[in-house]
Amino acid sequence: MNLFQSITSALDNALAKDPTAVVFGEDVAFGGVFRCTVGLRDKYGKDRVFNTPLCEQGIVGFGIGVAVAGATAIAEIQFADYIFPAFDQIVNEAAKYRYRSGDLFNCGNLTIRAPWGCVGHGALYHSQSPEAFFAHCPGIKIVIPRSPLQAKGLLLSCIEDKNPCIFFEPKILYRAAVEQVPVEPYNIPLSQAEVLQTGSDVTLVAWGTQVHVIKEVAAMAQEKLGVSCEVIDLRTILPWDTETVCKSVAKTGRLLISHEAPLTGGFASEISSTVQEECFLNLEAPISRVCGYDTPFPHIFEPFYIPDKWKCYDALRKMINY
Amino acid sequence: MCCVIAAADTMQAPVNDERDIPSSWEDFPSPVACLPGEISDVRQRYPNQDVESDEIFYKQLAEVSRSFALVLGGDFNFPDVCWKYYAAERQQSQRYLKCVEDNILTQLGAVSEASRVMVASRNYADFASEATFEIKKCDLHRLEEGPSTTAVMTREEGLHYYKTMQTIRRMELKSDQLYKQKIIRGFCHLYDGQEACCVGLEVAIKPTDHVITAYRAHGFTYARGVPVREILAELTGRKGGCVKGKGGSMHMYTKNFYGGNGIVGAQVPLGAGIALACKYFGKNEVCLTLYGDGAANQGQIFETYNMAALWKLPCVFICENNRYGMGTSVERAAASTDYYKRGDFIPGLRVDGMDVLCVREAAKFATEYCRAGKGPILMELQTYRYHGHSMSDPGISYRTREEIQEVRSKSDPITLLKDRMVNTNLASIEELKEIDVAVRKEIEEAAQFATTDPEPPLEELGNHIYFNEPPFEVRGPNQWIKYKSVS
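Residue numbers (my numbering), protein chains in the order written: chain A, 288 to 609; chain B, 52 to 538.
It is possible that part of the hints are untrue.
Here are the simulated DSSO-like pairs of lysine-lysine, each with C-alpha atoms no more than 27 Å apart in a straight line [claimed, not checked]: (1) Lys-225(B) - Lys-187(B); (2) Lys-535(B) - Lys-596(A); (3) Lys-535(B) - Lys-605(A); (4) Lys-233(B) - Lys-596(A).
These are calculated hints, taken from the structure and not from any lab test. Since the model is a prediction, treat every value here as computed from it, not as a measurement.
Just chain B, same shape as in the assembly:
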């Protein structure tokens, strides 16, 4: 299938109006003539068009180039284009070159200055629509069988996971930058390195399921649907932030995402409570309750395990084991580092948290288990964070740079996904680079918003302490300015 667009004066076949379609390739000068396939459509550009007509033409070109192979014949009456260097003198010609570039039309055949013929083609049909991957088997505790060891990923899914993970990665790096510039203050716990966890989990559950996690929450906030600009604005404490600037890094919330919690381990009993509500309302929802390897030693976690198992709550406990509780390695903190077994009477699985497909399959397995009414289940995601615990932690006093480098080069979640997609022809490197560019742009814009949005107004200081019908005055320093608490 092929659409030909050509300039009228380089084609041997007479194409005087658009409905006259040449029947074969021989009508075209070589190397166009040796292309396989049928011609389905011909468009043309006449010499000396004005800018407006050109724009319409480029729009057509862009639309057409998405769906099937495209052959460009001729120089489109831009004689001043130098095809060797992709440069042009006149502005209109430069615009044409940009169109070619934007649609990533690559040169297929030789360009001859004399014949002024250019052939370009891009073929989406070359990409596979899906591929099957082998994934690591999960260690099981009190389970007869675990999640599947193969995963199927379609091209669309792959591109979505890639984009989401890359967005989170760049967002976290941007937060690092803004923090060092003192535009973000307070505490900031970054999630880069662990992207596969939140993305893998999010794609395995439904938007109506519930998620609660601790303070390393920016990735989840994004995955649950908050736009980057609102996350960054919340970090900088502006009123455009997802919590109006009053929460900051550790307290971001959105529908079916309960934060964002500062006190270690405190969110786990809450998660069980949410799971109870899910069971009670009978809408077949589950709650993902996340905590870290440090929190796994808190007493309230074990209280929660007991309650969840006793009442068979649809709660998926997820321990994101990034090997360090702030600065303490897991060996030095826990009598048993098999966190997936710590639920004792709760079945568990240990999952490779750097592989988004592994996380996805395990999460699907776990949520199915809960939805079937079998009670809670525990997942340990083995992952890694590149940054220190928070921005005040350089991250190298308790681990070596070599270790960080090793994980980055061998197990980086984004690189793993990229390699998989390129090797199975689900996408091309250029396409993924395109996504990178688009993501960078989005983050830049979001950062711009986050630095220029105004701070919340002072009246907000007293708001939302209680739920109260008539606003009341907030007591404060003796007879100084009083704030009304509105709710």
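So here's chain A without its partners, still in its complex pose:
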């Protein structure tokens, strides 16, 4: 299955297992603009899979209501770039519901899905990676898969998790990434990073599409510099697996974090800060962050903007030679 098919499979499993589950968003009825919901309406009926009008704030607010009342709400925001009208609802309502009601109420049944990340021709408003904005908000969980196999397991975990979750799907991988994915439901635990490749010299951390970039960089480093890299996919951004990352850095002494979002205030800064607190004496070189520039996501300049493998490789080399 490719990524969008694995998402469809996960939603199918969720709707089958949980009779209160509903899927809604803009254009989901016919299958969605990225085909993530193809066939679900026919299978589960139009009272469970339905379209909303064009109103993100309304979609999320509505989703919170559905979740609080006890049904499982799976809302789709058509592009992560459009999530900002709903920012207030997510941060002020969804994230704080349990806390402010003293656990009387909660909207843990809510999961918000949105296509995320650069896609080659998206320009300013179809390429953003807003995970850093939400990472600053206690009360929600943020999950970003790197592949179809991961996506299905993580999405099912999000849906079942008793906290409101935001699930960002790397849109460039919707068709491009293909894997063998089980048809039956399965879960991948949240807040656990995965070590894809063990190594002894440098730790590379990324999530979503960027994981594939750093895997390539690790191969390049091994071949050209004889450097052994440990590659970690963070998977859950909030709450993130500090233990795995810090243990790795304690072993290697060098850390490189990479993401497409702009450098300043990007999630790499949070990781960097925590790691230097925990592993200060283990560090052999300053922590490297290879990220997008502090500009809006450009249209024509995209190839120069994104942190590609060459930029990461260069940063890695400088760390080794520090």
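Use these hints to put chain B onto chain A, whose structure you have.
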């Protein structure tokens, strides 16, 4: 009124020099002799002129042929011209034929090889200077009376509207072509079918009024004064584009035109803000704030209605209802599809958006309302787009080809205007065809420019993030190339 140009040797009256004007038609061979009217001027061409003199002559001919009826007598000493097939052997003769063609001099009378007389005439005085048209009445909400149901259009206005709409149509089709060739990338939302909206609005307002719209903006960008080549170059992302290639399809701007906005509905509060500034500066300007039927369901639109009405802002809200919000038909998206009533306490009118005159009259009415200080007003333009939502949308999965065809054949804005003009003799079909040819040429040249202009230099990546006095370095990937941000 008639000007005669003849070759010296076919006229019976002696015309040895240019000041000797024949007094009557009888001096000419038939069928020239039976023409009505007075002779006002005579020019002539002598045999065996050189190319330069010929060019001067053709220039005279072109100037003269613009203003009144023209009679050409004689073959102008081009004996090798075959008048039956409008062909000639020699280059100079071919040039003469081209001049005849360019000035659209049509043959009036019979051509006789033996007498080598040709009569041609074109009469601009035949066209009407203006005409009155009945236009559809607008549905009204909270208004006692609406815009007029008749509209007067002069010949010049008609030709201008036609040319503008045709330019937009061809520009959008060219963009479609360039997109399919992958010369334009990214997102491209085309406006063909909706031309009457932007042209009707633009001609009803002043250049000092303000316009803001969403992403289907190429038509407005042109109407607001950006040349086609800059629009196409912006689409292809070149530095000759109106925004230096950094904006692309959805972010085109020019004076008093605030784009070009990607996020649906986000431009509407901005429009109210611009209207507030208009009111504040007291220059009697208004702001046209446009959005689509999809955006009409966004929360911020209603927030804006409230603010605009509360503070009586000179804001004309315009909903371009093209029946589909991307792929969702209006019935499936909105609890009330009477978009002109959605402003509730704001008066509204529903306008036929395929008729440029209807749009113009309604816009005049609406802007007058705002300028009188009565507060905001809402216009719903019922229109249609032929293309899908964007270039990635074939446009037929949520509507039938028959529907598109029906609109194209019955309500196409350009065809409607053309028919009106031809039927009331404001213009001829040939004249409009001429305009089509000229427009095509302009678009081709613009496309050529757009494909060959260089891309913006890499230094632009960091520019114009902030306004800052000394340029600062843009933070980016660790110690890689740093870009300066200049502003």
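Here is what the structure says about each hint:
The straight-line distance between the Cα atoms of Lys-225(B) and Lys-187(B) is roughly 32 Å, outside the 27 Å bound, and the hint therefore fails. The straight-line distance between the Cα atoms of Lys-535(B) and Lys-596(A) is roughly 23 Å, inside the 27 Å bound, and the hint therefore holds. Distance check on the hinted pair: Lys-535(B) and Lys-605(A) sit about 23 Å apart at the alpha-carbon level, within 27 Å; holds. Proposed proximity of Lys-233(B) and Lys-596(A) is supported: the alpha carbons are some 26 Å apart, at most 27 Å.
Violated hint: 1 only; the structure is consistent with all others.
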